[in-house]
Amino acid sequence: MNHLLILPILFPAIIAPLLAMAVRHDIVLARVFSFAATLGLVLLGCLLMWTASDGQIRVYELGAWKAPYGIVLVLDRLSALMVLLTACLATVVQLYAMSGWDRRGHHFYSMFHVLLMGVNGAFLTGDLFNLFVFFELLLIASYGLMVHGGGPARFKAGLQYISINLIGSVIFLMGLGTIYGVTGTLNMAHFAERISQVPESDQAIMAVGASLLLVVFCMKAALVPLHFWLPATYSNAPPPVAALFSIMSKVGVYALIRFSDLSLLQQGGPFAGLGTQWLMPCAVLTLVVGAVGVLAARSLSLQASFAGIASIGTMLIAIGLYTPEAQAAGLYYMLHSTLAVAALFLVIDMVIVRRPGAGDGFDPKPFPNQGFLAAFFFVAALIVVGLPPSSGFLGKLQILHHLKSTDDWPMLWAAILVASFVTLLGFSQAGSFVFWKSSADKKYSPTVGEERQATECESQPLALPATAVGMAWALLVLLTVFPSPVMNYLEATVAQLFDPQQYINAVLEPAKKAGL
Amino acid sequence: MELLLATAIGVFTAAGVFLVLRPRTFSVVMGMSFLTYAINFFLVSVGRLAINQPDILVKGRDLTQYADPVPPALVLTSIVISFGMTAIMVVMGVRGFFENNSDHVNIDATEESIARSRE
Numbered sequence: 000m001n002h003l004l005i006l007p008i009l010f011p012a013i014i015a016p017l018l019a020m021a022v023r024h025d026i027v028l029a030r031v032f033s034f035a036a037t038l039g040l041v042l043l044g045c046l047l048m049w050t051a052s053d054g055q056i057r058v059y060e061l062g063a064w065k066a067p068y069g070i071v072l073v074l075d076r077l078s079a080l081m082v083l084l085t086a087c088l089a090t091v092v093q094l095y096a097m098s099g100w101d102r103r104g105h106h107f108y109s110m111f112h113v114l115l116m117g118v119n120g121a122f123l124t125g126d127l128f129n130l131f132v133f134f135e136l137l138l139i140a141s142y143g144l145m146v147h148g149g150g151p152a153r154f155k156a157g158l159q160y161i162s163i164n165l166i167g168s169v170i171f172l173m174g175l176g177t178i179y180g181v182t183g184t185l186n187m188a189h190f191a192e193r194i195s196q197v198p199e200s201d202q203a204i205m206a207v208g209a210s211l212l213l214v215v216f217c218m219k220a221a222l223v224p225l226h227f228w229l230p231a232t233y234s235n236a237p238p239p240v241a242a243l244f245s246i247m248s249k250v251g252v253y254a255l256i257r258f259s260d261l262s263l264l265q266q267g268g269p270f271a272g273l274g275t276q277w278l279m280p281c282a283v284l285t286l287v288v289g290a291v292g293v294l295a296a297r298s299l300s301l302q303a304s305f306a307g308i309a310s311i312g313t314m315l316i317a318i319g320l321y322t323p324e325a326q327a328a329g330l331y332y333m334l335h336s337t338l339a340v341a342a343l344f345l346v347i348d349m350v351i352v353r354r355p356g357a358g359d360g361f362d363p364k365p366f367p368n369q370g371f372l373a374a375f376f377f378v379a380a381l382i383v384v385g386l387p388p389s390s391g392f393l394g395k396l397q398i399l400h401h402l403k404s405t406d407d408w409p410m411l412w413a414a415i416l417v418a419s420f421v422t423l424l425g426f427s428q429a430g431s432f433v434f435w436k437s438s439a440d441k442k443y444s445p446t447v448g449e450e451r452q453a454t455e456c457e458s459q460p461l462a463l464p465a466t467a468v469g470m471a472w473a474l475l476v477l478l479t480v481f482p483s484p485v486m487n488y489l490e491a492t493v494a495q496l497f498d499p500q501q502y503i504n505a506v507l508e509p510a511k512k513a514g515l
Numbered sequence: 000m001e002l003l004l005a006t007a008i009g010v011f012t013a014a015g016v017f018l019v020l021r022p023r024t025f026s027v028v029m030g031m032s033f034l035t036y037a038i039n040f041f042l043v044s045v046g047r048l049a050i051n052q053p054d055i056l057v058k059g060r061d062l063t064q065y066a067d068p069v070p071p072a073l074v075l076t077s078i079v080i081s082f083g084m085t086a087i088m089v090v091m092g093v094r095g096f097f098e099n100n101s102d103h104v105n106i107d108a109t110e111e112s113i114a115r116s117r118e
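Taken in sequence, the protein lines are chains A and B. Residues in the first sequence are numbered from 0 upward in steps of one, following numbering that gives the first Met the number 0. Residues in the second sequence are numbered from 0 upward in steps of one, following numbering that gives the first Met the number 0.
Heads up, some of the hints might be wrong.
Simulated crosslink set (DSSO-like; lysine-lysine; CA at most 27 Å straight-line) [to be verified]:
{"#": "1", "chain 1": "A", "residue 1": "LYS511", "chain 2": "A", "residue 2": "LYS65"}
{"#": "2", "chain 1": "A", "residue 1": "LYS511", "chain 2": "B", "residue 2": "LYS58"}
{"#": "3", "chain 1": "A", "residue 1": "LYS512", "chain 2": "A", "residue 2": "LYS65"}
{"#": "4", "chain 1": "A", "residue 1": "LYS403", "chain 2": "A", "residue 2": "LYS512"}
{"#": "5", "chain 1": "A", "residue 1": "LYS65", "chain 2": "B", "residue 2": "LYS58"}
{"#": "6", "chain 1": "A", "residue 1": "LYS512", "chain 2": "B", "residue 2": "LYS58"}
Hint data in this document are derived by calculation from the structure and do not stem from the laboratory.
Model the full assembly from the supplied sequences, consistent with the hints where possible.
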């Protein structure tokens, strides 16, 4: 057994309480330890990806109990990729948080690492109930992070966020219970094996159970019409936390891909059509709602939240085609959009801390480092919209290319292109209100209090946040400059996903060999 | 037995859904607790109902004469998690009440706007 598989879960699990107990009074020590731990996770992610790149699926049996009797962790190309993406995003957010956000409340880094543990666990687990437990783990950390820094609006939005996720958990458990009642297993591979043998009389109830799970995954991914929680949550959360949350909606997308590719879509299976008919229309609707939201929103962070929704829509249009090439393109777009939306949130926070009183609203008000931040916002928005030469452009181009094979491609092309244009329009509107008009406004004369605030704003750190954003962009540039190695890896990933028998054998073969 | 359990699950779910849709934090918390009860009962029932049957292997016993041991484990996990979640929700609700001077769940709802909507 390769013990590397459990380290992405174990390592944050050890670091988080250490940070909470040993170094809670010393922010510098906490920063150093947490940063080192996050870099360690990046290293682990690289190692896992290197391990997984030989195409073999590795299984880690917890407590040496063979699947399906015990819980297993499974490492394939997709989980390795997601763990690495999480670690990269965490490094960016960690760097940014060190410039001040970590001091506005208690235990920022502990919750940060618990969240990472939950996300990594969700990506690595091979058991559906274990997936639920890791979901809860990452959610409970996210509740804490969401209200980090406090404030009335944040607590109100936090309560809504908790309620909606608790209801999600309830539906998740209902689905799990139904599935267990019909198939008698919760192991993903075992479930995939048994789903084709479900007797006719139980197929309807099985479909209900599987649909309930799909609904929960779509809710986590913020697919329309289950997206209502996202704008209020992301725009009220501290922006660095919102940047970190952009991986959480991808946990939903990951679970959706894993669950449908592994078990539902098996050739000729009775549930092959489940979810496929409505995923595409919902994804188009998500894209439209996201784009219109960007245009209609009256604050920068609300715009970024809707841009996140739009990117989920684009990605799920590709994934919802359920062809290997299109899913590879969708995964490429997912890598891009996670980092791009996170970077946008961080840039917006750099603006917010320099505009006391105005925040990220659209009222023109001059602020220090305006030209620099205007350039930053310009680049961040361009990348999110996906204009050339950004990685978003490459991603969208591939998605459009693969959509060509469908019957209603003119409609889908129009949706993606028009939505991109509307998003661009929304961001240019924001840019002209917040950055352009405010510098043209010569009549503006600050009061004494505002002048004192202005000197405070001048002293806001610029180098570290800019480095953090720059790092996210550097990763995106790598994605743009070297698309072919990335696409090779992604195509191999999808080939693995479309061969569920390989996964099932890797998980269940040891028990069969042992004669259990 | 089946009828009793099914009715209990149904009543708890209905009560839970009704309370969760109420505008104030306290009823939402109560509603969530009811929903958790419903789920716990539901999870008990997914392993088929077996009365007076052991979970643990006994030597020489017919293999069909056992209760499924997995659902109790699932229920236990779900109880622990829901306990923690209810606690965190209560904490968040109390803190939110002190920060906002209102225990309404809606973001825009203040006491005034609620009073106005009643008029």
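A quick look at each hint next to the structure:
no. : hint                 : result
1   : A:LYS511 to A:LYS65  : 9 Å, holds
2   : A:LYS511 to B:LYS58  : 24 Å, holds
3   : A:LYS512 to A:LYS65  : 10 Å, holds
4   : A:LYS403 to A:LYS512 : 46 Å, violated
5   : A:LYS65 to B:LYS58   : 23 Å, holds
6   : A:LYS512 to B:LYS58  : 26 Å, holds
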